[in-house]
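Chemist: Given the coordinates of chain A, assemble chain B onto it according to the supplied hints.
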Amino acid sequence: MNGTHSASGSNDPPDITLGLHKTDPDADILPDLAHGKPAALSALMDRHLKAVKATAHYMLGDEIMAEDIAQEVFLRAWKHAPNWQPGQAKFSTWLHRVTRNLCYDRLRKKKEIYRETVPDMVDESPEASQVLQDQQNHSAQKSKIENALANLPERQRMAITLCHFQELSQIEAADILEVSVRAYESLLARARKNLKEQLQSHKSELLES
Amino acid sequence: MSKINKSKVLELVSFYGADLKRWPSTQRQAGQIWLDKNPALAQEILADAIILEQALNTISAPASNTILLQARILREVTHTAQEGIPYEIAANDTAPTLQALTVFSAWKAVAATLLLTTGMGFGIGQVAAADTSYVSAEALLSISMQSGYAETDLYGDGV
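So the protein sequences, as listed, match chains A and B.
Positions 1 to 209 (my numbering) are the ones given, in order, by the first sequence.
Positions 1 to 159 (my numbering) are the ones given, in order, by the second sequence.
Chain A on its own, in the form it takes in the complex (with noise of 0.2 Å):
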């Protein structure tokens, strides 16, 4: 892939090299995804699916939901790719742009999160016993915190993810979430005192793991 496709008839899609943004890392694979070539996406994927799934694994806690969103945000990428035009936005800030709103979309409309349930007691030995009580204790404290950042507003979730969970710089982060830099550190510093607060009786816990 060259980024140098160039349209050849009346038919074909507009040339989106036209004025490319040139520090766009996926400006290499945007012509041919504009050209409907499936190994353009499947490039595009090998970039972007794990951070767009794990983006959506953390909005919504669910892990074939978040892949039901990551497809929805690569279909409409294939999609809309013909009329993609370049500007400030690279194309991954509009990918994790459409992750943001299906999964706001998707909460709105969510009533329960789905919360995996410890497993019925199989072995009865004393080592067993132990070993599912670790188990349980973990699983309690793991339930703790997904329950923490699910009680999140949805924005200081979505900051709190792209900051902590994607390491995105703060530029970027601000850029998916529409927002300015100032704006994108208050959503950050409200989700971590929010989170602090609900997890402040469960410090010592958290210090013993």
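No lab work stands behind these hints: they were computed from the structure.
Here are the simulated DSS-like cross-link-like pairs (lysine-lysine), alpha carbons at most 27 Å apart as the crow flies: (1) A:Lys50 <-> A:Lys144; (2) B:Lys21 <-> A:Lys203; (3) A:Lys144 <-> A:Lys196; (4) A:Lys193 <-> B:Lys3; (5) A:Lys50 <-> B:Lys21; (6) A:Lys193 <-> B:Lys6.
Modeler: Okay, now just chain B, sitting in the frame of chain A:
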């Protein structure tokens, strides 16, 4: 290098946490120097943030490979027209490309064969659990197309 003081460090920790890799790149070096020079204060300032980060790290998303999901998405796009392009043209453009995808580089072919063999030997459902991150989605899609496995065979029940 930007100037930094206690109140700035407090502010940055409240935004970005205790791990400097998440701080703005322009502040990292100065921040590290300040923390190194003020170890007692640093410990006091970072303590709560470190606990929160450790807590968040325990819920990291499962590092599942995305190969089957990629194959699912690639399969879906073969039925999906792009905006501004009549579906017939998109489909015509897509068909030869998909055929072309069956031509892998040698290592991908070997990896795909190993994957398929594993699936036949131990049940195709276990393929999803195996570490297949080195096999491209195109390879898996192509295996599916060539072998005639139904989608449910590849993805398992309920996927």
